[in-house]
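> Here's the letter readout for the chains.
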Amino acid sequence: MRSILTVYRKELTDYFSSKKFIILLGLVYVAGLSSVYVSLQNIRDATSGLDGFIFLKLFTISGDILPSFITFISLFIPIIGIIFGFDAINSERRSGNLSRVMSQPIFRDSIINGKFLAGITTLSIIIASIVFLISGIGLRSIGVPPSAEEILRIFFFIFICIFYGTFWMSLSMLFSIIMEKTATSILTSIAIWLFLVIFLPIIANAIANTVVPLENASAADQVKNYVIEHNILRSSPSTLFSESITTLLVPAGGHFLINPQSFASADLSKMLLSPLSLGQSLIQVWPQIIVIIALAIICFAVSYVIFMRQEIRAT
Amino acid sequence: MEDIIISKNLSKNYNGNKAVSNLDLSIKKGEIYGLLGPNGAGKSTIILMILGLTEPSSGTINVAGFNSTREALKVKRIAGYLPEKIGFYEDMTAEQNLAYTAELNNIKYSEIPKKIEKALKIVGLVENKKQIVKQFSKGMKQRLGIADVLIKDPELVIFDEPTEGLDVKVANSILDTIIKLNKEKGITFMLSSHQLNLIQKICHRVGILSNGNLIGEGKIDELGRKLFGGGRFIIEVEISGDTKEILNKFSNLKDVIDIGKEGNVFQIICNKDLRSEISKIIANTESILTRMNIKDYALEEIYLKYFKEE
Amino acid sequence: MKVKSKRIKSAVIAILCVFALSIIFAMPSAILAQEEEAETETDVPEEISFDIPYPEVKAKFGESFNFKVDVSYKGDEPLTFDVNWEAPEGWYVRIKPSYQETEISAVKLDPGQEESWEISAAPQVKVEPGDYPIKIIASNEDIGLEATAEITAVITASYDMDLATKTGRLNTEVTSGKDNKYTLVVNNTGTDSIENISLSTQEPEGWLVNFDNDDIETIESGDKKEIVATIKPPEKTVAGDYVLTLNASSENAQDSLELRVTVLTPTIWGWVGIGIIVIVIVGVAIIFARLGRR
Ligand SMILES: Nc1ncnc2c1ncn2[C@@H]1O[C@H](COP(=O)(O)OP(=O)(O)O)[C@@H](O)[C@H]1O
Ligand SMILES: [Mg+2]
Numbered sequence: 001m002r003s004i005l006t007v008y009r010k011e012l013t014d015y016f017s018s019k020k021f022i023i024l025l026g027l028v029y030v031a032g033l034s035s036v037y038v039s040l041q042n043i044r045d046a047t048s049g050l051d052g053f054i055f056l057k058l059f060t061i062s063g064d065i066l067p068s069f070i071t072f073i074s075l076f077i078p079i080i081g082i083i084f085g086f087d088a089i090n091s092e093r094r095s096g097n098l099s100r101v102m103s104q105p106i107f108r109d110s111i112i113n114g115k116f117l118a119g120i121t122t123l124s125i126i127i128a129s130i131v132f133l134i135s136g137i138g139l140r141s142i143g144v145p146p147s148a149e150e151i152l153r154i155f156f157f158i159f160i161c162i163f164y165g166t167f168w169m170s171l172s173m174l175f176s177i178i179m180e181k182t183a184t185s186i187l188t189s190i191a192i193w194l195f196l197v198i199f200l201p202i203i204a205n206a207i208a209n210t211v212v213p214l215e216n217a218s219a220a221d222q223v224k225n226y227v228i229e230h231n232i233l234r235s236s237p238s239t240l241f242s243e244s245i246t247t248l249l250v251p252a253g254g255h256f257l258i259n260p261q262s263f264a265s266a267d268l269s270k271m272l273l274s275p276l277s278l279g280q281s282l283i284q285v286w287p288q289i290i291v292i293i294a295l296a297i298i299c300f301a302v303s304y305v306i307f308m309r310q311e312i313r314a315t
Numbered sequence: 001m002e003d004i005i006i007s008k009n010l011s012k013n014y015n016g017n018k019a020v021s022n023l024d025l026s027i028k029k030g031e032i033y034g035l036l037g038p039n040g041a042g043k044s045t046i047i048l049m050i051l052g053l054t055e056p057s058s059g060t061i062n063v064a065g066f067n068s069t070r071e072a073l074k075v076k077r078i079a080g081y082l083p084e085k086i087g088f089y090e091d092m093t094a095e096q097n098l099a100y101t102a103e104l105n106n107i108k109y110s111e112i113p114k115k116i117e118k119a120l121k122i123v124g125l126v127e128n129k130k131q132i133v134k135q136f137s138k139g140m141k142q143r144l145g146i147a148d149v150l151i152k153d154p155e156l157v158i159f160d161e162p163t164e165g166l167d168v169k170v171a172n173s174i175l176d177t178i179i180k181l182n183k184e185k186g187i188t189f190m191l192s193s194h195q196l197n198l199i200q201k202i203c204h205r206v207g208i209l210s211n212g213n214l215i216g217e218g219k220i221d222e223l224g225r226k227l228f229g230g231g232r233f234i235i236e237v238e239i240s241g242d243t244k245e246i247l248n249k250f251s252n253l254k255d256v257i258d259i260g261k262e263g264n265v266f267q268i269i270c271n272k273d274l275r276s277e278i279s280k281i282i283a284n285t286e287s288i289l290t291r292m293n294i295k296d297y298a299l300e301e302i303y304l305k306y307f308k309e310e
Numbered sequence: 001m002k003v004k005s006k007r008i009k010s011a012v013i014a015i016l017c018v019f020a021l022s023i024i025f026a027m028p029s030a031i032l033a034q035e036e037e038a039e040t041e042t043d044v045p046e047e048i049s050f051d052i053p054y055p056e057v058k059a060k061f062g063e064s065f066n067f068k069v070d071v072s073y074k075g076d077e078p079l080t081f082d083v084n085w086e087a088p089e090g091w092y093v094r095i096k097p098s099y100q101e102t103e104i105s106a107v108k109l110d111p112g113q114e115e116s117w118e119i120s121a122a123p124q125v126k127v128e129p130g131d132y133p134i135k136i137i138a139s140n141e142d143i144g145l146e147a148t149a150e151i152t153a154v155i156t157a158s159y160d161m162d163l164a165t166k167t168g169r170l171n172t173e174v175t176s177g178k179d180n181k182y183t184l185v186v187n188n189t190g191t192d193s194i195e196n197i198s199l200s201t202q203e204p205e206g207w208l209v210n211f212d213n214d215d216i217e218t219i220e221s222g223d224k225k226e227i228v229a230t231i232k233p234p235e236k237t238v239a240g241d242y243v244l245t246l247n248a249s250s251e252n253a254q255d256s257l258e259l260r261v262t263v264l265t266p267t268i269w270g271w272v273g274i275g276i277i278v279i280v281i282v283g284v285a286i287i288f289a290r291l292g293r294r
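Just so you know, the sequences run in chain order Y, U and R. Residue 272 in our numbering sits at position 272 of the first sequence, and the numbers go up by one each step. Residue 1 in our numbering sits at position 1 of the second sequence, and the numbers go up by one each step. Residue 238 in our numbering sits at position 238 of the third sequence, and the numbers go up by one each step.
Hints should not be assumed to be uniformly reliable.
Straight-line alpha carbon distances no greater than 27 Å define the calculated DSSO-like cross-link-like pairs of lysine-lysine that follow [to be verified]: (1) K118/U to K181/Y; (2) K181/Y to K129/U; (3) K141/U to K19/Y; (4) K134/U to K118/U; (5) K19/Y to K129/U; (6) K20/Y to K130/U; (7) K134/U to K20/Y.
Derived CB-CB ranges, DEER-like [unchecked claim]: (8) D176/U to R293/R: 17 to 27 Å; (9) N9/U to R293/R: 39 to 49 Å; (10) L75/Y to N9/U: 52 to 62 Å; (11) A289/R to A206/Y: 50 to 60 Å.
For the record, the hints were derived by calculation from the structure and aren't laboratory data. Every residue gets a Cβ at the ideal spot worked out from N, C-alpha and C, and that includes glycine.
The shape of chain Y in the complex, shown without the other chains (with noise of 0.2 Å):
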């Protein structure tokens, strides 16, 4: 168990005296901050003073040029994973370090699940304090306290992007794993986040499209091409992220986004845009979390074995 910690701690020292962490953090905290200065320009438009939930639009209103919190940390926990992992076991390799570590009186996994561990502090560290200093820049310019519920729903968006961050941590950790050069596991991970973010939606709407042509489409025809460009992109987990996220931080409303079938059939007429209970909003996105959640343990889980059957020495 010392020797998890002390590969743990050591990690942890690595990151925070990294330049790469440096960047990485300054590069988070500069998009949120200019994210919830945007959101404070533009909080009182988007807020009737009745509506419950002010303090969780801090994250999601986004201005003309600059997207919202939610849009910059979607974006910024893939890549912050995939920094973090990418290297883990190969460049350990490399060096020659790793057969000396290893000759130590350790179990192997404490390699392993040390760098994970210390992955994991680092990647809440930085969403955490992010998050909190956001909150408390809001609290300070706005003047409303979030109510019980929006702490709760703050805490569990945290989590989530954690998971979320830990599943691309571990995915680029795989990598490092199976693959000798660091260079071509980073590559790897990126070109699996390009295609999730950027060509899974160009693929998800030219089979939509072809499977439901919209010209001259019906209203019904319109939601079929719908749904069927959404299950397509369910495929990815950052599609499950974004939806977990905005279901809990747009209490009213984002759930929408998920259920496209309900959004299309209802009479919006008769429909009231009423927020959410926390329960309801995570009733909805919990088959979502699980599956980041189990998507991040499965990536671990094969690290884990085939890190454990490999042989150690530096090739």
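Starting from the known structure of chain Y, arrange chains U and R with the ligands on it as the hints suggest.
For chains U and R with the ligands alone, kept in the frame of chain Y given last:
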């Protein structure tokens, strides 16, 4: 003396290729053992199995009574290992690197600075304590590697290719340190190398490995005999005149193992320097000794046979 | 030195020449003019008359009274008339030819010429409602010809009210969820009393604005009344500036006022916010100090 490493019938296959086959090895406490063989002979594989970092395909290996496969942790507690391409965390200082090793060895925090100081003193790197490893030369890194294994006060140090990539002077200073540690602290060393000529002089015993097989083992001066069916000396004698009679007389000499003849040149393989006897025999005949030379051939031949091909 | 004095000399000579020449040319024309004036003499009957289609104009105090006057002149020589006016104390009258901006005090009329003038009169000081006669006089003293027109400006009672803040500032600060008192002043700036003044507001959604007295029975002319408005933004109001429109209206007059209301961050949340920011920054700094390698 007690054996510290004992392997029985140890084999390792990589995708059907035998990297090590049926190895029986025993290394005594307090000795410097050299595992010699060309690249790809299986030296590193054996070392990894000794430390429990690779599982044998068959056979067993024990270090100080602990099974390397099942009790790897206990083995690693007493055995230090310097891998082939040793590496340190380049952005950390020498001290920080050693402190990390110390913590991984579960050494009390309060004792760590003292241990680091002591280990660095032995390898002569005390002044470089606060220097980051990035600035270290290859030889300094190798010495830091020795300090690194000394942190855990090992009974046994396994050193894979200790002189690889170092110039002769630096290599010799590393070897001197090994001898010193062996003498003063009684640490058992197992060295692996393909640089036979560099290593052999400090080894009490060597094993010659070729294609995963241990083809010879023992003290250097005994090895030739084992490998080439005895005989440590080859005496070449060229005479003019009748050779038949002389051949007969040579055969009757004690200590002669084998005699070869090509025209009027003899090759006498023997255990003793028989030159005076040979010249006496020739003087007693009509023939004239035109040339005679002798060589102490064992290591030379081993080297030619097993190491030169690369 | 020599060159310079030469130059000055020639300049003086040139100036003297110009002076002399101008005297020579001016003399005859002056003599000619004197002769002409002496010659002028008349014996044809002249007449000047005013025609006023609307001699009486009603308006409220503060507005100006506009009349139209047609002037006609008969005679056989063009004649110049002085144009004057007489009005009660405090009035000022402007006489202009129609469609022109120049104010006139004399006019030269050709025989048979008709002209129309615009007359605007306005009191320069506060005057009571009532009739104010004004005389317009055109006269030529040389031949003793004069015409007079009488017009009347009737000031009716005026209803005017001014809604203002007591301090005169159009901005205020409030705390959300609390009753914030703010004093307004309704001024009757008209000439008659204003009755049944009701107050109303256009406020941001969810705000409550009440008046201690939202139906004022009457305010005499020149009088004012203070009203205390209670502004209560909802509990969860985002801090910042809001616009609150206040209206005072009666049958005859009305006024409105845009008040810029700054909702302040309740001090406690301001401090909690700062506290959180400080904790985060210090926390991250500590983590860096503890974990970072120097
Ligand atoms: N991970 C591996 N997979 C497959 N073959 C390997 C692996 N590691 C070593 N070998 C093979 O095992 C043999 C012995 O290698 P090694 O023990 O490194 O030799 P040495 O250390 O004596 O140079 C070589 O033929 C090498 O190709
Ligand atoms: Mg090797």
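> If you test the structure against every hint from before, which numbers come out violated?
1, 2, 8
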